[in-house]
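There are 2 protein chains.
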Amino acid sequence: MYPDLGEYFARREQLVSEDRKQRLDARTSNKVVDEVEGKADRLVRAIRAQEARNIWGPDSNVEVDNDTHLFPGMAFLTAREIITKTQLFKIMSRLPKGALLHAHLDATVNVEVLLRLALRHPAIHVRTPKVLTANSIGSIQPEFRALRRSEWDSASSVTALSYIPGEWVPLRVARQNFDPTLGGPEGFDKWLTSAITISPAEAYRTHNTTQKIWQKFQSTFHTAGPLILYLPVWKDYVREFFRSSIDDGISYLEVRINFLHRYIFNEAGEEIVTHSTLLGEYDRILNEVKEEMRQQGREDEFIGSKIIYSTIRFIPPDELQWYLDDCITLKQKFPHLIAGFDLVGHEDALRPLTDYLEPLTKFVERQKELGIEIPFIFHAGETLGDGTNADNNLYDAILLGTKRIGHGFSLIKHPKLMEICKEGGIAVEVCPISNEILRLTSSMPMHPLPALINHGVPVSLCSDDPAVFGNMGLSFDFFQVLVASEVSGLITMKELARRSFKYSSLDENEKQLAVLSWDKQWKKFLQWLEQEYPALEA
Amino acid sequence: MYPDLGEYFARREQLVSEDRKQRLDARTSNKVVDEVEGKADRLVRAIRAQEARNIWGPDSNVEVDNDTHLFPGMAFLTAREIITKTQLFKIMSRLPKGALLHAHLDATVNVEVLLRLALRHPAIHVRTPKVLTANSIGSIQPEFRALRRSEWDSASSVTALSYIPGEWVPLRVARQNFDPTLGGPEGFDKWLTSAITISPAEAYRTHNTTQKIWQKFQSTFHTAGPLILYLPVWKDYVREFFRSSIDDGISYLEVRINFLHRYIFNEAGEEIVTHSTLLGEYDRILNEVKEEMRQQGREDEFIGSKIIYSTIRFIPPDELQWYLDDCITLKQKFPHLIAGFDLVGHEDALRPLTDYLEPLTKFVERQKELGIEIPFIFHAGETLGDGTNADNNLYDAILLGTKRIGHGFSLIKHPKLMEICKEGGIAVEVCPISNEILRLTSSMPMHPLPALINHGVPVSLCSDDPAVFGNMGLSFDFFQVLVASEVSGLITMKELARRSFKYSSLDENEKQLAVLSWDKQWKKFLQWLEQEYPALEA
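Sequence order for the protein chains is A and B. The C-terminal residue of the first sequence carries number 554 in the working numbering, and the numbering is unbroken. The C-terminal residue of the second sequence carries number 554 in the working numbering, and the numbering is unbroken.
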């Protein structure tokens, strides 16, 4: 069979290496990484192994209840607090992450900050359909709106017995007067937080299916939307998105903005702000933040940002035309900002791409006439379905020439489409934590990402809706991916980060500069790692 | 882009068909099925769609608690009772299933029958380490043993206050005298059942990780083992395994027998029965059952059975030699029975195949010298790990020339190994319900089977340990696979069943005869379907 075991292991090494040759880290992991990187990779593996035992494994001293089961890559919402205390998370927080290619703007700033931003503005009001009591608080969501001064109301609390349901209460006043038996102002914050984020109990018990958790997920957008779609808040929100992303080590942002609402509210509470105005503001804030960074000598940490124009896949096909025209208009006015077009929303429940073929193909023709280029960057295959509309969206995304695939969770089932993605450099925007919380996978070890990586499908790690899921930035997503694989290591994370620019909408020149800047960050990161863990260095 | 939508849809159809061309049903589903089969496939799809709404979906009138979420392919232990009431299950029960290629003998007969068989024998005794009370019953497992007559004890109940812990009580007596406040004899049966099966609460709450559920899983074998390893029970058990499998539409059984214990107990309670005696009995019972079937004119329903010699992957490598020699001895004596060799047990926790390379390769050499052939049929990749020992077992199974792969749950991550399986006709014995209960997947829609099918990897559906999981026969496994895919249909199930012989250890001639017999069963099945659902026929 085998003349000796030496021969066996030689054959084995060859087989393993052939099996892994399509991986993004194949060349680098194959002993051609430089010495410092090799050392850093071993260090990170050692820390991971240690924490797999001491924190997630048999020697763990983390206290949890009987029904909670600790393991690396476990349910994120249960693990979150534990993760933040690990060395590996500290390291992932420092890692330069490259480009964030899949995030929805209205879910990128954490809820405490959003509330702080909203509280600055007396126009923002809140109301409830019932007086809020200890019994009803769990089932009643707040409704927010920016009112015109003439509409400002004098009601003083949604928890007072005298509150007339449906009356608007100024946000600050409602918070200040929130019934002390419901926790006072902090109780108000808690109530708001539970309305616009997903709790572990929801994700893992009461709403533990894709269908049910999407109901809650959608309601978070419904509730938070009016706070964000108020121009004075929106501007601060965008700035915060840039700054917090940079702080997390993300240097380029290609964000989806949902333009479903044709207008948003101005400071005076009038719903008249156009998409064009918004993009003007976006551009201005972007330039300000870039200038800030330049002044701090940190220009390598932030390359810039572009926008993927999005609307929701429930609109009737004949209404899509308005959005496509709008997108073209914006592209003409802000050619450097508009990077693509997408249709978003729950694929299992909403319209398949085939419903929109006619307007979408005309959109492509129209671009040719105008000499502009707005690639599709479609969500597709964000589903557990096998041969369902949502799964089949992958065929249409590909046939329509999508530049990347949002989620592509079911892509692993499609050998021909995987081949096309590999050949055409169509990257899958993989959102590990989002997929887990929205019940496509129960934990990271069940996620198809390692399969995609081994099959050589281009991927990029993304956060999707961090404000709802609590995975702010990209550190948590990198962490969850890193702990759930023994094949992947720091070098894999490096390649994931570094290649993200390649799949972005930057032009070739910008990409080169972006990677150059990233390489500098990576060097600094390695230096930090060496200083931080000198004992483990050997 | 596309001249018109007709052109688009033509391109789309071509792409879908190319994407699915490696599927086992590709040729047949591609409109070359005959008219009757086509009709039957549409009928089954219609019933599935109806039940997806009326039973598992929005129009369901099945009553469940708040935290239970109905959907097709949901957690089996919660769904089991609902499944048995569906039309689709009735149909899958009737389907001729072909060969069962992965099941462990000591978990193939359901617990009620096992108890009934055990109660026939006064030698079988039970004991507990404490008096059983309402408080302790949940945490105390019964210990069984067949005693020699001289050891028979006179203790009369494990629930009496006078019971001296550790004293043996005759099984029948212990059952008869089980405290009425603990449910009397029925309470005894319930206690026994909970010790040797997995409950929904265990699988989905208290033991909801691979590691924890395996502890419970192993304890079921530990507890039930002594009942089965008593020759008088063993013989009835084997006969029941054959008969109940035939009743479920399985016509060939390639079963793994765990030969870890070098001797089992004879009727007199002496641990002296050899493996050779066991195989002699197996052969005799097999022939009796075949003869029974012949006399009933049902010889097409049962082709026969072979045995995969197994021991557990915790034994020290130098002890493996004994088992390999034993396996060769048995093969020489029962060449028609011994079909292969395997190492079983929890891959994540036990020794990797690499620990056994030396004896295993010598085993192969020895066979060549003796002119016999005992292929390896290894468990491998029954894990969520990525690059762990259990995952890497796949490399060794392949390098050692495995004939099939038991589980291969992580195979989808290995492009080169998938290629080798496709080229070499190495089938994966996929055990969908087992994987779900042992927490490799949370539900059928998360299972990698559809990906393996689309990539053209040969697969065979198997039940693994139905007595522990409650998935008796193969009907439940076929059901769970069928409801969790819109691509697969009755024709897919047909191909799964029919091809199972191809991957079996039957010789070429036997395979041909097996398929001929199966084809007759399939025809009868189609006739039954037509008669049973005349209204839906159109």
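Keep in mind that the hints are not guaranteed to be accurate.
Same chains, same names: a pair is fine if it fits in one copy or spans any two.
[As the list claims (entries may be wrong)] In silico SDA-like links for lysine to any residue, alpha-carbon gap of 20 Å or less:
| no. | residue 1 | residue 2 |
| --- | --- | --- |
| 1 | K349 | S292 |
| 2 | K228 | S155 |
| 3 | K438 | G472 |
| 4 | K432 | G472 |
| 5 | K228 | A91 |
| 6 | K251 | T197 |
| 7 | K378 | L21 |
| 8 | K232 | P74 |
| 9 | K232 | N82 |
| 10 | K251 | S292 |
| 11 | K539 | D316 |
| 12 | K232 | D364 |
| 13 | K228 | R69 |
| 14 | K432 | P474 |
| 15 | K106 | A62 |
No lab work stands behind these hints: they were computed from the structure.
Quick rundown of the hints versus the structure:
Only within a single protomer do K349 and S292 lie at most 20 Å apart by alpha-carbon distance; the minimum there is 8 Å, versus 85 Å between protomers. For the homomeric pair K228 and S155, the shortest alpha-carbon distance inside one copy (15 Å) is at most 20 Å, but the shortest distance between copies (35 Å) is not. Taking the closest pair of Cα atoms, K438 and G472 come within 20 Å of each other both inside a single copy (7 Å) and across two copies (19 Å). Proximity of K432 and G472 under a CA criterion of 20 Å is satisfied in both settings, with 13 Å inside one chain copy and 12 Å between copies.
In this assembly of identical chains, K228 and A91 lie within 20 Å of each other by CA distance both inside one copy and across copies; the values are 17 Å within and 16 Å between. Taking the closest pair of Cα atoms, K251 and T197 never come within 20 Å of each other, the shortest separation being 35 Å inside a single copy and 69 Å across copies. Taking the shortest alpha-carbon separations for K378 and L21, only the inter-copy value of 11 Å comes in at or below 20 Å, while the best intra-copy value is 63 Å. In the homo-oligomer, the alpha carbons of K232 and P74 lie at most 20 Å apart only across protomers (17 Å), although the nearest pairing inside one protomer, at 35 Å, exceeds that limit.
For the homomeric pair K232 and N82, the shortest alpha-carbon distance between copies (15 Å) is at most 20 Å, but the shortest distance inside one copy (27 Å) is not. Taking the shortest alpha-carbon separations for K251 and S292, only the intra-copy value of 14 Å comes in at or below 20 Å, while the best inter-copy value is 81 Å. In the homo-oligomer, the alpha carbons of K539 and D316 lie at most 20 Å apart inside one protomer (12 Å), although the nearest pairing across protomers, at 71 Å, exceeds that limit. Taking the shortest Cα distances, K232 and D364 sit within 20 Å of each other inside one copy (15 Å), while across copies they are farther apart (36 Å).
Within a single copy, K228 and R69 get their C-alpha atoms only as close as 34 Å, which misses the 20 Å cut-off; across copies the closest is 16 Å, which meets it. Taking the shortest Cα distances, K432 and P474 sit within 20 Å of each other both inside one copy (14 Å) and across copies (18 Å). Taking the shortest alpha-carbon separations for K106 and A62, only the intra-copy value of 15 Å comes in at or below 20 Å, while the best inter-copy value is 53 Å.
Checked against the numbered hints above, the structure violates only hint 6.
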